[in-house]
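K.L.:
Spelled out from the first residue to the last, the chains are:
Number of protein chains: 2
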Amino acid sequence: MTLNKDPRHTDLSPEEQSLGHLGREPELLGVEEETHPADAAEHIERLDVDEQIKFIKQLPIKDAAESIAEMDRHEQQSLFQNLNHGFAAKILEQMAPDDATDILESLDEEHRKSLLRRVKAKERAELRNLLTFHPDSAGGAMNTEVVILDESLTVDQAITKMRDEVEDKEIPYYAYLVDAAGRLTGVVSLRDMLVARHGKLLRELVKAQSLISVTYDTDREEVARLIGHYNLLAMPVLDFGNRMLGVVTVDDVIDIIQEEASEDMQAMVGAGADETIDSPVLYSVKKRLPWLVLNVVNSAISAFVVHLFEGTIAQMAILAVLMPVVANQAGNTGQQALAVMIRQLAMEKFDRKRSWLAVLREMRIGMINGFFICLLVWGAVFALTGHLMLANVMTAALAIDISLGAFAGAAIPLVLREIGRDPAQASSIFLTAITDSLGFFCLLGLAVLVLV
Amino acid sequence: MTLNKDPRHTDLSPEEQSLGHLGREPELLGVEEETHPADAAEHIERLDVDEQIKFIKQLPIKDAAESIAEMDRHEQQSLFQNLNHGFAAKILEQMAPDDATDILESLDEEHRKSLLRRVKAKERAELRNLLTFHPDSAGGAMNTEVVILDESLTVDQAITKMRDEVEDKEIPYYAYLVDAAGRLTGVVSLRDMLVARHGKLLRELVKAQSLISVTYDTDREEVARLIGHYNLLAMPVLDFGNRMLGVVTVDDVIDIIQEEASEDMQAMVGAGADETIDSPVLYSVKKRLPWLVLNVVNSAISAFVVHLFEGTIAQMAILAVLMPVVANQAGNTGQQALAVMIRQLAMEKFDRKRSWLAVLREMRIGMINGFFICLLVWGAVFALTGHLMLANVMTAALAIDISLGAFAGAAIPLVLREIGRDPAQASSIFLTAITDSLGFFCLLGLAVLVLV
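These protein sequences, in sequence, are chains A and B. According to our numbering, the first sequence is numbered sequentially starting from 47. According to our numbering, the second sequence is numbered sequentially starting from 47.
Source of the hints: derived by calculation from the structure; they are not laboratory data. Check each hint, because a few of them may be wrong.
No copy is singled out in the list; a pair is fine if it fits within one copy or between any two copies.
Unchecked claim - Below, in silico cross-link-like pairs of lysine to aspartate or glutamate (DMTMM-like), each with a Cα-Cα straight-line distance of 25 Å or less:
{"#": "1", "residue 1": "K108", "residue 2": "D210"}
{"#": "2", "residue 1": "K207", "residue 2": "E250"}
{"#": "3", "residue 1": "K100", "residue 2": "D265"}
{"#": "4", "residue 1": "K108", "residue 2": "E211"}
{"#": "5", "residue 1": "K108", "residue 2": "D196"}
{"#": "6", "residue 1": "K253", "residue 2": "D238"}
All of these numbers come straight from a predicted model, not from anything done at the bench.
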């Protein structure tokens, strides 16, 4: 398929020009250029929905399905809400089943049922089956188009079988060997088959290395971690009887890792985990508002702390000047700890002891940095106010709040995890509530004891 | 190789048990278990450095090299600082050249030169060559062990040639076709070769789709984005004469994406971009302290704003109670915008117009949410103080600060990018400085105008 105008090829910044090969290859290859589905998807996303439908209808159905599969989740959803059901069902039939399942999951039940009724019986059964898995599990992310071979075949027989079958399969870089009962017994890469002597049995090609697989209920983030850890191109997904259900492929893992990274960063401050700049404004409003309201409640707590000391502040208004400095420094220290811990939990298998040792590490870092910051602040307050005891009080409050900030920043994600919540969710909001209240309390409380 | 005790197999949490296959496969396969290098690396990382060296020396050199390649960057560095140079050089020779380069880059120049002198001439030339590329470029991330075939070979000839060569190559899922001048002309997957008729020329297998490649100076993050975008397993890296230099493979891309996600989240709050919980405490202190000092300077600015109104606060201490509430709400709103924008810049090719439109979107979201938060806060302040004008002043300050917070949160990463800086770097610190100062100024300034 050919786009009339690919927005990528105009108006190149210097950075983009270093990628100039994207546009130049056709001459080099001497073949007609075809637009990659991922580029077509980008083109479609920039049209409004009527133009999208017009554009898609003029594509061969297979190309349309491939392009739609590459679109952003929200864009897919809005497109399908506007396609007539018969045409939508035809597109779903042409799509890789895992991609079709993702789209069906984004639609309401009525709509989903209506589309499924129109899909051909064979594809319908497959989709119904995939829809039973949790979208965040290995089952929900897996691809069922996988090359499964009997381990007792020879390499020749296997290659002949693959020649007949391989066109249907999405990414067959591995072939999976099963025994007579359909249980997974080994994995052979195409490369191994290509370089093996033809008479050899597939079973003899299996490497003496433990076979890595997951069950369908494994969290997809864990699957992503394992694929990254073992440098695999695909992870076999099994049922509890070791029968092969499908594979999670590395290209899906890249999407999973990107989505999880967005989730962590956005959930931390109470934005929607799956928001992008293409999400509808009201969707983002709905996702964020509850956390902002929680933040109001948290602020009310720290405001109450200040309120307790209103009399003191009326006597010494300088305290109101210093209050935000304490809260800010402790908050920043805590956020540094928070960021490192959230990334740690995202990237590594959870290890309780190791994680709590990391909290100690963060407290050490926070306290060393706090020492220097306290020195600096003590000097500045004393130099600017000439008030020794005020400088002392300020520094003491700062030291306490920074230490607690470092502890809280590192501990909050762990605590959230221990109580079964997302370690990132609103963590920054909770942290600020703690560092603000405690900072205000220490500064104003010490002032009452020592100064007023 | 076999580990006596793999810490992964003990003390399994329920979550870990769902991955039980990791430990159970040997029986299933009927082959002797071998430890995966990635697991060996994890084991090594938990030893102290003397034990690490003892453990490594008892492994076959090839296994030692593979395991070390999977270790954390800081752990590799500390290990190499303690290995004797002759042994270290032997390990580097056995490693994939891109991994060996990463390690050499982490060492000081003296040490690097000493090791290189001890590496065999052929490998030395290769490593010296790779060390000339910037570590964050495609050249710095690429693997040079790649299957390059003359496009005029037949499939038979190609397979024969690959049988002889393939053992040396790390991940040959694609073979790269070159013309007589060594210029890249096409890519053929092993799967295409496996299913093709044997007499066919390689050139005839090339798909009529534009060949995607990058030049060696392309940013590695851009390479990762392209591999994700086009669902590739490897990206060819060319010089400016279209000659093939190597490939960036998808397993390295997973590491790149994870590293970049950590960089963004950590840089945002002024933690070191490459910090992990394994980084030495003093390394983290050194990375974070400058940003904390910047934060002190920023706090000093907002403190100065409050200082200007000390007299007002002495008259109306309730203002000190409300100050942090304004700053906090605007800060949180801004951080939500910030998180979504940073992820956007990380995941998509930069598009100036689209990015600035996203700033508008963030302002709309911020203002809608701000409307509800203002209503809530107005009601709370009026109910608790019974002071109508105070509630009005508070709400007006909040409305202004939230709007600006949403704008600043979305715009800061773009501005940083436009001036050639990392869009995430200290962005949260800058944001807080803006929302604090402006929030205090609006609240106290309006109070002076209307209330006092």
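K.L.:
Okay, which hints does this one fail, numbers in order?
P.N.:
3, 5
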